[in-house]
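Protein chains in written order, with our numbering: chain X, 1 to 484; chain F, 1 to 95.
Don't read these hints as lab results, they were simulated from the structure.
It is possible that some hints are incorrect.
Claimed, not checked - Stretches of chain X that chain F covers, calculated by requiring three or more beta carbons in the stretch to come under 8 Å of a beta carbon on chain F:
(1) 85 to 99
(2) 116 to 128
Said to hold, decoys possible - Lysine-lysine pairs mimicking BS3-like chemistry, simulated, CA-CA at most 27 Å apart:
(3) F:K78 with X:K85
(4) F:K70 with X:K85
(5) X:K107 with X:K54
To be verified - So the derived label-pair ranges between C-beta atoms look like this:
(6) F:L58 with X:D335: 54 to 64 Å
(7) F:P59 with X:K64: 35 to 45 Å
(8) X:A370 with F:A60: 22 to 32 Å
(9) F:N79 with X:Y367: 29 to 39 Å
(10) F:D85 with X:E410: 46 to 56 Å
(11) X:E267 with F:T68: 49 to 59 Å
(12) F:K92 with X:A370: 38 to 48 Å
Just so it is clear, the structure is predicted and the values come from calculations on it, not from any experiment.
Every residue, glycine too, gets a C-beta built ideally from N, C-alpha and C.
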Amino acid sequence: MHQSTLAQLSAALESKQISSEELTRLYLDRCKQFNDSLNCFITITEDEALQKAKQADKQRAENKHTPLTGIPVAQKDIFCTNGIKTSCGSKMLDNFIAPYDATVVEKMNAAGFVTLGKTNMDEFAMGSSNETSFYGSVKNPWNTEYVPGGSSGGSASAVAARLTPIATGTDTGGSIRQPASLCGITGLKPTYGRVSRYGMIAFASSLDQGGPMALTAEDAALMMNVIAGFDERDSTSAEQAVDDYTKNLNNSIAGLKIGLPKEYFGEGLDSNIAKIVEDGIKELEKLGAVCKEIELPNTELSIPAYYVVAPAECSSNLSRFDGVRYGYRCEDPKDLSDLYCRSRGEGFGKEVKRRIMIGAYVLSAGYYDAYYLKAQQIRHLIRDDFQNAFKDVDVIAGPTATGTAFKLNEKLNDPVSMYLSDIYTVSVNLAGLPAISMPAGFVNKLPVGMQLIGNYFEESRLLNIAHQYQQVTDWHKQIPEGFE
Amino acid sequence: MSLDKSEVQKIAWLARLAIDEQDIPNYSDELSNILGLVERMNSVKTDGISPIAHPLELPARLRADEVTEKDQRDHFQKNAALTEDGCYLVPKVIE
């Protein structure tokens, strides 16, 4: 049963083949069995989950349910969950009990999802390996000596190991897509503003976007139908009408125009990964898609621009953690400055402090034009690159990450090298576009993802292509050894 | 760009982050490396290009100036380290 997709679980619940309580117990048992080795959960909410599952069974018995009522889910620990610890992977929030639900959580609860727990993540979503978490690194189920990617590494690892049928993630510079690629699952970063950021602890507010991490594109579409939409509590929420994301899944992709950016297949890309992505593109061609080479000339500038914009916004957002209203507070502060400085110095981990300091520096008097303004101008160029490309093609395809999962501790002390590996994902966030990563093969028994980037609000098209691809390939059906 | 010890201390103070004296050389190296990466931006001319802060450049939404939230002070203060009579307590500021 734990190998099932959302659609299959929905059918099993509908036909009374299994109850939500039984299903929830099955997944909770797996979570408890494997969490010691994978460390993908910070909190497992067993009592709340069982209570919700019983309620779901009652709703089904009374015919007051949605197709997803009673299906388990894991929430990334960046989403506020009322009455449940919400740590964001940080010592700073180790004692924080969220006093309200994030909109995403509220919508999923209303649809009847049963929350199994809160997944591990890089501290405040800052990282690409899930090694910056206060709660320790998450392991990749394909090889537990390797990282799962980040920052949504706990969600990716949990879905890949079938400890939950689906999970939420957030993506500021690739944090849904890169771990999805490294763990062999499907992850969708929606258009900026498509999914509410209310109650999603802010890292870089003009880049952050929540989305599904799933076994299949169809499952991602089912979750998108629940979480997407306008929210007046998020000031940058898009007022655009929401698609039925399952509606176009079965459309043919014959005639689809795919752009292949030459900058995504050049230097820096592992040749084994390039081969797998090229094979994936051939599959799409067999389905009738037509490919052409395109240019995204400012791709290389996306990393430096991102590492100005994201730290600047992070230093501003994280100034709220002051040791006064919530979160960690240092012992015996001698005065107010000491309270602020030591609470923050002791409460934040190394990578978070680095980024806050970079942000404070680039925003400080005299440096604004050279850094922040310049980065925002480059952001304009990057957005224009994509818009020019979309005049000729419907979607853009390429690799999600420069390589497969790497070994734990391999890049931890070299932040710049870690940052550079985000080259294929960050420009999408700077431009605010939707993109999906889907499993496309393996190198040395480690999964490889292929990325599709769409124009604004074209999640439906991306899900359609990914679904069609998953009808003719079985990479997404592979299960890591020991987790069958 | 290379940051010396006093610059690292200044940035840490701006960000209200207490950092250990012994960690300063490490921060100095790492922050300098990151700023080195960031300076690759200078390889392109951006004169006359308008900066964008938001990918879709939508105007900020306005709403009526009406009370929409109810008072939940006690509920929210449960997460505070120290409160008294509905106030947050901090070390004495004025002697």
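For a quick check of understanding: which of the numbered hints are violated here, in increasing order? Numbers 2 and 6, in rising order.
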